[in-house]
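Chemist: Each chain is listed here by its residues.
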Amino acid sequence: SQQGEEDPQALSIQEGENATMNCSYKTSINNLQWYRQNSGRGLVHLILIRSNEREKHSGRLRVTLDTSKKSSSLLITASRAADTASYFCATDIRGTYKYIFGTGTRLKVLA
Amino acid sequence: NAGVTQTPKFRVLKTGQSMTLLCAQDMNHEYMYWYRQDPGMGLRLIHYSVGEGTTAKGEVPDGYNVSRLKKQNFLLGLESAAPSQTSVYFCASSYPPGKGGGVGETQYFGPGTRLLVL
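Chains as they are written, first to last, in the working numbering: chain A, 485 to 595; chain B, 20 to 137.
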């Protein structure tokens, strides 16, 4: 079964609005990462947050991590049409070298 | 600096045929990964390698074999292709934790190989 599950599966918003997507996972982690995938392309790394961090910012991105709830959220502020993509969380499995990806959130930003 | 490249970009196979997918990276990464992506399933780890000459199984290794004879290359083989292996295959590479000047565990992905098995 998937380690990470994103919610919602799909999200459609207007340009300028904020987009929030969530990720839940099952086991203890060292870090959690968010990736973006444009249609038909490879994944691109957005941000990494470690298990001892609670919040991290990068440009218009804000990521939070709650290890007690085993969940993370990705906030994209002031969204643009170019943010239209699928977003995936990835969690490492502590004690291994493996990363498990969630099923993704498909974001559509309408101009 | 090409990053991660994958060959071929697209391939059609008949059931029972074999093929090898090639992944190459020029970033001197120790770790390399093979994933498959199916609609609604996200990415699933097939095999991975933490160094030249070493490989290990991921979530869905059955029907696949891999080899890492050179640090920069990671090959994924299908000995006898089945329709269930129709998918998009992605290769990724990364530094080990604590290395890479701060980028650490960030995975760098190739553009993918679309495989259709008839």
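For the record, the hints were derived by calculation from the structure and aren't laboratory data. Where is the CB? At the ideal position from N, CA and C, for every residue including glycine. Where hints are given, some of them may not hold.
[As the list claims (entries may be wrong)] If you want the footprint, here are the derived chain A segments under chain B, 3+ residues with CB under 8 Å: (1) 575 to 584; (2) 588 to 594.
[As the list claims (entries may be wrong)] BS3-like, lysine-lysine: derived pairs with alpha carbons at most 25 Å apart: (3) B:89 / B:76; (4) A:582 / A:510; (5) A:553 / A:582; (6) A:592 / A:582; (7) A:540 / A:510; (8) B:90 / B:33; (9) B:90 / A:540; (10) B:90 / A:592; (11) A:540 / A:582; (12) B:33 / B:89; (13) A:582 / B:33; (14) A:510 / B:76.
[Unchecked claim] With the C-beta cut set under 7 Å, the calculated list includes, among others, these residues of chain B facing chain A: (15) 82; (16) 83; (17) 125; (18) 131.
Chemist: Would you mind marking each hint as holding or not holding in the structure?
Modeler: We went through each hint and held it up to the structure:
Closer than 8 Å: that is the beta-carbon criterion, and the region 575 to 584 of chain A has 5 residues meeting it against chain B, so the requirement of 3 holds. As drawn, the region 588 to 594 of chain A meets chain B at 1 residues by the rule of a beta-carbon pair under 8 Å; below three, the given contact is violated. A distance of roughly 18 Å separates the Cα atoms of residue 89 (chain B) and residue 76 (chain B); the hinted pair therefore holds under the 25 Å criterion. Of the pairs offered as hints, the one joining residue 582 (chain A) and residue 510 (chain A) holds, with about 14 Å between alpha carbons and a cut-off of 25 Å not exceeded.
Between residue 553 (chain A) and residue 582 (chain A) the CA atoms are separated by roughly 21 Å; this keeps the pair inside 25 Å, and the hint holds. Straight-line distance between C-alpha atoms of residue 592 (chain A) and residue 582 (chain A) comes to about 30 Å, which puts the hinted pair past the 25 Å bound. Between residue 540 (chain A) and residue 510 (chain A) the alpha-carbon distance is near 21 Å, which keeps this suggested pair within the 25 Å criterion. For the hint linking residue 90 (chain B) to residue 33 (chain B), the alpha-carbon distance of about 31 Å lies beyond 25 Å, and the restraint is violated.
In summary, the hint linking residue 90 (chain B) to residue 540 (chain A) is not supported, as the alpha carbons are separated by about 33 Å, beyond the 25 Å threshold. Distance hint between residue 90 (chain B) and residue 592 (chain A) is unfulfilled; the C-alpha atoms sit about 39 Å from each other, more than 25 Å. A hinted pair counts as satisfied when its Cα atoms are at most 25 Å apart, and residue 540 (chain A) with residue 582 (chain A) qualifies at roughly 23 Å. Using a Cα cut-off of 25 Å, the hinted pair residue 33 (chain B) and residue 89 (chain B) is violated, with the two alpha carbons roughly 30 Å apart.
For the hint linking residue 582 (chain A) to residue 33 (chain B), the alpha-carbon distance of about 31 Å lies beyond 25 Å, and the restraint is violated. Between the alpha carbons of residue 510 (chain A) and residue 76 (chain B) the distance comes to roughly 20 Å, so the proposed pair stays at or under 25 Å and holds. Violation of the interface hint for residue 82 (chain B) is found here, the shortest Cβ-Cβ separation to chain A being roughly 19 Å, above the 7 Å cut-off. Because the smallest distance between the Cβ of residue 83 (chain B) and any Cβ of chain A comes to about 15 Å, over 7 Å, the interface hint for this residue is violated.
For residue 125 (chain B), the interface hint holds, the least distance from its beta-carbon to any beta-carbon of chain A being 5 Å, beneath 7 Å. The closest approach between the C-beta of residue 131 (chain B) and any C-beta of chain A is roughly 6 Å, which is under the 7 Å cut-off, so the hint is satisfied.
Checked against the numbered hints listed earlier, the structure breaks hints 2, 6, 8, 9, 10, 12, 13, 15 and 16; every other hint is satisfied.
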